[in-house]
Amino acid sequence: MELTNYEAKHFLWRVEGKVGVITLNRPERKNPLTFDSYAELRELFRGLAGSPGIKVVLITGAGGNFCSGGDVNEIIGPLTAMPAEELLGFTRMTGDLVRSMRDCPQPLIAAVDGICAGAGAILAMASDFRFATPEARTAFLFVRVGLAGCDMGACAILPRIIGQGRASELLFTGRSMTAEEGYAWGFFTRLCARSSLVTDALEFAAGLANGPTVAHAMTKRMLHQEWNLSIDVAIEAEAQAQAICMQTEDFRRAYRAFAAKIKPAFQGN
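Mapping to the numbering used here: the sequence shown position 178 is 179, numbers consecutive.
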């Protein structure tokens, strides 16, 4: 579906130039997710493949916080009364949200301020880049509600970002990771002042959006797929991927610009 003029029901959505911006917008509750917002986010990310005018997506939260996770009253409470079959349906749906984030071709940037907990921490984790303020506090706090840390791909993805030992500590204890820890460990790409967080993230997004669309999508795909490949298979996969990129007009534009000693103007094809 074309998302340029999409009207979201359970969060804010706008397009600035080539950048789509998701704002989780329940600031009075620190922007928790509901059954409906989980599902709508999943469908939006699935639809991004059919919206070529959007080159990058930024995810942020309103009111000085990113996301406090699943709403206690609207999700946690009802889950305690669900039969096993419905519980599995819910956990598969939330896992599908992460799949849709990893499968969409656009780079995803999370701009994290304040509370980033539970499923909110997963949204940040599943993004390609994470900008944060010094006030950001990120917690994979599933253990605190009697659940395992293996939620929505956390045990697969988080260790690849920050390492097995650090991921184990966060997932077993549920403690908050400070912004400084997150930056030192490679979870956060950049620390920004609270006043400039979204501006800095949008500036970075605009730079990516002006890059080679097909090549960026291929980089994201290969970064994800090569987790499960041996080095030899990965090298062959990258050879095939790069050969595809070499067939694009953007590759030819880059060569012509280099020869003319000017900056290339990529057009996404």
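Warning: the hint list may mix true and false statements.
[As the list claims (entries may be wrong)] Each computed SDA-like pair below joins lysine to any residue, with the alpha-carbon atoms no more than 25 Å apart:
| no. | residue 1 | residue 2 |
| --- | --- | --- |
| 1 | 264 | 243 |
| 2 | 10 | 76 |
| 3 | 10 | 64 |
| 4 | 264 | 208 |
| 5 | 10 | 40 |
| 6 | 221 | 234 |
| 7 | 10 | 47 |
| 8 | 19 | 235 |
| 9 | 262 | 241 |
| 10 | 262 | 207 |
| 11 | 221 | 151 |
| 12 | 10 | 53 |
Bear in mind the hints are in silico, worked out from the structure with no lab data behind them.
Each hint tested on the structure:
1. 264 to 243: Holds: residue 264 and residue 243 sit about 21 Å apart, inside 25 Å.
2. 10 to 76: Distance ~18 Å between residue 10 and residue 76 Cα, so the pair holds.
3. 10 to 64: holds (19 Å)
4. 264 to 208: holds (13 Å)
5. 10 to 40: holds (11 Å)
6. 221 to 234: holds (17 Å)
7. 10 to 47: The hint holds at about 16 Å.
8. 19 to 235: Given that 25 Å is the threshold and the Cα spacing comes to 31 Å, the pair is violated.
9. 262 to 241: Violated - the C-alpha atoms of residue 241 and residue 262 are around 29 Å apart, more than 25 Å.
10. 262 to 207: Since the Cα atoms of residue 262 and residue 207 sit roughly 23 Å apart, the hinted pair holds (cutoff 25 Å).
11. 221 to 151: Holds, because 23 Å separates the two Cα atoms, which is no more than 25 Å.
12. 10 to 53: holds (22 Å)
Hint check: violations occur at hints 8 and 9; the rest are consistent with the structure.
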